[in-house]
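Trainee: Listed below, chain by chain, are the residues.
There are 2 protein chains.
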Amino acid sequence: MADSLQHKILLSEDEMPTRWYNVLHDVPTPPPPVLHPGTGQPVGPDDLSSLFPMDLILQEVATEQYVDIPAEVLDVYKLWRPSPLYRAHRLEKALGTPARIYYKYEGVSPAGSHKPNTAVPQAFYNAKAGIKKLTTETGAGQWGTALAFACAQYDLECEVWQVRASYDQKPYRRIMIETFGGTVHPSPSDLTEAGRTILAQDPGSSGSLGIAISEAVEVAAQDPATNYALGSVLNHVLLHQTIIGEEALLQLAKIGERVDLLVGCTGGGSNFGGLMFPFLREKWAGRMYPVVRAVEPAACPSLTQGTYAYDFGDTIGLTPLMKMHTLGHDFVPDPIHAGGLRYHGMSPLISHLYEEGHLEAVAKPQSECFAAGVLFARTEGIVPAPEPTHALAATIEEALHCKESGEEKVILTALCGHGHLDLPAYDAYLSGSIVDHGWEDADLQAAVRAALENLPTLV
Amino acid sequence: MADSLQHKILLSEDEMPTRWYNVLHDVPTPPPPVLHPGTGQPVGPDDLSSLFPMDLILQEVATEQYVDIPAEVLDVYKLWRPSPLYRAHRLEKALGTPARIYYKYEGVSPAGSHKPNTAVPQAFYNAKAGIKKLTTETGAGQWGTALAFACAQYDLECEVWQVRASYDQKPYRRIMIETFGGTVHPSPSDLTEAGRTILAQDPGSSGSLGIAISEAVEVAAQDPATNYALGSVLNHVLLHQTIIGEEALLQLAKIGERVDLLVGCTGGGSNFGGLMFPFLREKWAGRMYPVVRAVEPAACPSLTQGTYAYDFGDTIGLTPLMKMHTLGHDFVPDPIHAGGLRYHGMSPLISHLYEEGHLEAVAKPQSECFAAGVLFARTEGIVPAPEPTHALAATIEEALHCKESGEEKVILTALCGHGHLDLPAYDAYLSGSIVDHGWEDADLQAAVRAALENLPTLV
Numbered sequence: 001m002a003d004s005l006q007h008k009i010l011l012s013e014d015e016m017p018t019r020w021y022n023v024l025h026d027v028p029t030p031p032p033p034v035l036h037p038g039t040g041q042p043v044g045p046d047d048l049s050s051l052f053p054m055d056l057i058l059q060e061v062a063t064e065q066y067v068d069i070p071a072e073v074l075d076v077y078k079l080w081r082p083s084p085l086y087r088a089h090r091l092e093k094a095l096g097t098p099a100r101i102y103y104k105y106e107g108v109s110p111a112g113s114h115k116p117n118t119a120v121p122q123a124f125y126n127a128k129a130g131i132k133k134l135t136t137e138t139g140a141g142q143w144g145t146a147l148a149f150a151c152a153q154y155d156l157e158c159e160v161w162q163v164r165a166s167y168d169q170k171p172y173r174r175i176m177i178e179t180f181g182g183t184v185h186p187s188p189s190d191l192t193e194a195g196r197t198i199l200a201q202d203p204g205s206s207g208s209l210g211i212a213i214s215e216a217v218e219v220a221a222q223d224p225a226t227n228y229a230l231g232s233v234l235n236h237v238l239l240h241q242t243i244i245g246e247e248a249l250l251q252l253a254k255i256g257e258r259v260d261l262l263v264g265c266t267g268g269g270s271n272f273g274g275l276m277f278p279f280l281r282e283k284w285a286g287r288m289y290p291v292v293r294a295v296e297p298a299a300c301p302s303l304t305q306g307t308y309a310y311d312f313g314d315t316i317g318l319t320p321l322m323k324m325h326t327l328g329h330d331f332v333p334d335p336i337h338a339g340g341l342r343y344h345g346m347s348p349l350i351s352h353l354y355e356e357g358h359l360e361a362v363a364k365p366q367s368e369c370f371a372a373g374v375l376f377a378r379t380e381g382i383v384p385a386p387e388p389t390h391a392l393a394a395t396i397e398e399a400l401h402c403k404e405s406g407e408e409k410v411i412l413t414a415l416c417g418h419g420h421l422d423l424p425a426y427d428a429y430l431s432g433s434i435v436d437h438g439w440e441d442a443d444l445q446a447a448v449r450a451a452l453e454n455l456p457t458l459v
Numbered sequence: 001m002a003d004s005l006q007h008k009i010l011l012s013e014d015e016m017p018t019r020w021y022n023v024l025h026d027v028p029t030p031p032p033p034v035l036h037p038g039t040g041q042p043v044g045p046d047d048l049s050s051l052f053p054m055d056l057i058l059q060e061v062a063t064e065q066y067v068d069i070p071a072e073v074l075d076v077y078k079l080w081r082p083s084p085l086y087r088a089h090r091l092e093k094a095l096g097t098p099a100r101i102y103y104k105y106e107g108v109s110p111a112g113s114h115k116p117n118t119a120v121p122q123a124f125y126n127a128k129a130g131i132k133k134l135t136t137e138t139g140a141g142q143w144g145t146a147l148a149f150a151c152a153q154y155d156l157e158c159e160v161w162q163v164r165a166s167y168d169q170k171p172y173r174r175i176m177i178e179t180f181g182g183t184v185h186p187s188p189s190d191l192t193e194a195g196r197t198i199l200a201q202d203p204g205s206s207g208s209l210g211i212a213i214s215e216a217v218e219v220a221a222q223d224p225a226t227n228y229a230l231g232s233v234l235n236h237v238l239l240h241q242t243i244i245g246e247e248a249l250l251q252l253a254k255i256g257e258r259v260d261l262l263v264g265c266t267g268g269g270s271n272f273g274g275l276m277f278p279f280l281r282e283k284w285a286g287r288m289y290p291v292v293r294a295v296e297p298a299a300c301p302s303l304t305q306g307t308y309a310y311d312f313g314d315t316i317g318l319t320p321l322m323k324m325h326t327l328g329h330d331f332v333p334d335p336i337h338a339g340g341l342r343y344h345g346m347s348p349l350i351s352h353l354y355e356e357g358h359l360e361a362v363a364k365p366q367s368e369c370f371a372a373g374v375l376f377a378r379t380e381g382i383v384p385a386p387e388p389t390h391a392l393a394a395t396i397e398e399a400l401h402c403k404e405s406g407e408e409k410v411i412l413t414a415l416c417g418h419g420h421l422d423l424p425a426y427d428a429y430l431s432g433s434i435v436d437h438g439w440e441d442a443d444l445q446a447a448v449r450a451a452l453e454n455l456p457t458l459v
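Respectively, the protein sequence lines represent chains A and B. First residue of the first sequence: 1, per this note's numbering; consecutive thereafter. First residue of the second sequence: 1, per this note's numbering; consecutive thereafter.
Only chain A is shown next, with the shape it has when bound in the complex:
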């Protein structure tokens, strides 16, 4: 009977995990340290204290296996968590595959993605430390939305510098940030020295994430009551996201299912790490043996085509140096629609695990990803954000292999957000105006080579 299929595996609020998992406790070899660009020495807590509260700095270098989630954070999480795990029966049927496809859906959050999982604790720890305002940058706007919502929960001000091009072209995200009570400035702005410098050179500048970071960091560094918040890449961000994977393990256990393949998209790595780290713990403990696969855009292939080297996290070079897979800090990806994946580097933790052979990576052109997104929308009823359509494309590819081989593989994919505010990207795809950029493209190869020549020489 059609009505006997179970589509959603739910957890009650009582069943929600109360601890984050710290993968640093279990990685077989420790990752390389973060270095101060001036001295070439590992950075210490004091180097970071003008921007972050001590609780987060300590989480960045924590070595215990679990970190308790504060009660005040759990209470806000429960506005949308535990998030549902879905069995994609109708997608499977459309594909005619014997594979069983599951997706963990983070689009139920206030911002519509996984970002509030870390925005909420970051706002909480800052408020606890007496901070009154958080600054940040945002491109397409997911992170700014999440932080604005989080700040509203703990009576913090939230000031967001949004890349001018996005501010002008995609006003929905800016409005959502303002609805949650945040303030948004187009970047470059005349509110900072960095912004004024850029505007003096180019009054019509459309901005970049690098410039927006500089503005947000400058404002945070000048005021002791103001801190800065980052939405991906760093260890404490990935720590907070592990609630995704912990929930998924509980949900799969409820139905007695064991996963053969885990698939997630990677930009900075926080959604991917959040789902995968608890599964890697289980794998290292010999309790399951899933293949773990990262999917990145062919136009920004940091894992599959980048170099593993020390590089800056931002374009201008204000951050400490992190050893990571990078396309070079001044590499500018083509303007693909998955804005959340347009990052030159990769989380140092994910990079280390990749280098050590704990995960594999593939790159996908965006037209294949949107085709997967449209099929998913029509069968499962959720229009995915452009970012997770990369994971869906790789999931569908595997499910079609299973159709040929007859294998009943169990695939779990991370559906990290909905695409309600990304509909113009679907319009471009449906009207045939999507352009693919990939590694076979000589221009892309030349751009990466040029950017890699600008890697820093350590003192």
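It is possible that part of the hints are untrue.
Since the list can't tell identical chains apart, any single copy or any two copies may satisfy a pair.
Stated by the list, open to error - Below, computed lysine-lysine pairings styled on DSS-like, alpha-carbon distance capped at 25 Å:
id, residue 1, residue 2
1, K283, K409
2, K128, K254
3, K323, K93
4, K78, K8
5, K254, K8
6, K133, K93
Calculated from the structure, these hints are not laboratory results. Treat the numbers as computed from the prediction; the structure is a model and nothing was measured.
Fit chain B to the given chain A structure using the hints.
Mentor: What follows is chain B alone, placed relative to chain A:
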């Protein structure tokens, strides 16, 4: 402890109701019949068979208390149903009220509102009858989105005429309809006699819902394999929506809570009836005694200021005559942002129940509603659609009365959709450019008086 609060009351898929509730079985007095405008006689099934399949025509006049939901519909419902019931702890805290506020959230559906609850069975029954295509009209686009999704589930084509002004100004909904596989035409179009007639008179016409209905009905009437679908007002539409109220009753029973006040917004009445009808059954059976309150926009006050009379459902006068609260079929409401509430009439069933004293009604200006929506977003994390902000405004008003009186009233409100595609309306509110139109407005009174003069004279 903050973390001991339960925010969501969930049902498993196994607990989902498998029957719709037919309020016609229990209304103390039967509502007046629908009349043929030419003969003045009650319409029969044959009068409707060129537009609707017999299963739906029979549901329109059904008298049994319950109608079984087909297995094929239950399977699609389970993509998002049962929908969550929330306790609004954080809103209550912000208000400082002793009232307990619950909201039933329909924004988890594929279209982001309650509309798929009826779009899915309408598409199913049409497919079962051998129909190949459904046509419909849409204004802002919620209904068109829901029907496009539903048609994709049963391999039906879906053709939507969208009011030209919305088509041009609000492309996100049009793109979402296309992503689900629907075809969208701006109305007036040159594809129909009705559209060509309008365009000949006014080549730059920005359209109206009435014109769009004429185009969709014309196309459906000409082709035996094509039918037409309506998203509100009719009895079978409200029947399908009763799954909302049936679920809410089960959810409240789980936590042993009894409701004192039910609040919902009314446009055509389907979201409101869907939540309220099962509660009215319980009230008539003497098992609970909730007050039932409809909230309509002050700019379109059909219940509080309209006349109870026979009128057309559309502007041009193609439909049968329904006895309902109406502002006159050629009344054109001011362009408020709650597009789903801009309807001159009210469901005949809701109108009858109002006339018989089973529910009360209030009207709210949109600025008060957006203020409620912003407070709700910042406390509960969901940006509501402009339509349910009307119910939220009335809910907050009551909760603040409780703060004064000390009463621990239990309030349940219908949060029938999210506002992700309505963010420009929030932008208008936050920037201070919202204009209120209400009954004290002499222009509005004059417009309603003029429209009421055009009520039909029955033969």
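Trainee: Out of the numbered hints, which ones does the structure contradict?
Mentor: When the structure is compared with the hints, numbers 2 and 3 turn out to be violated.
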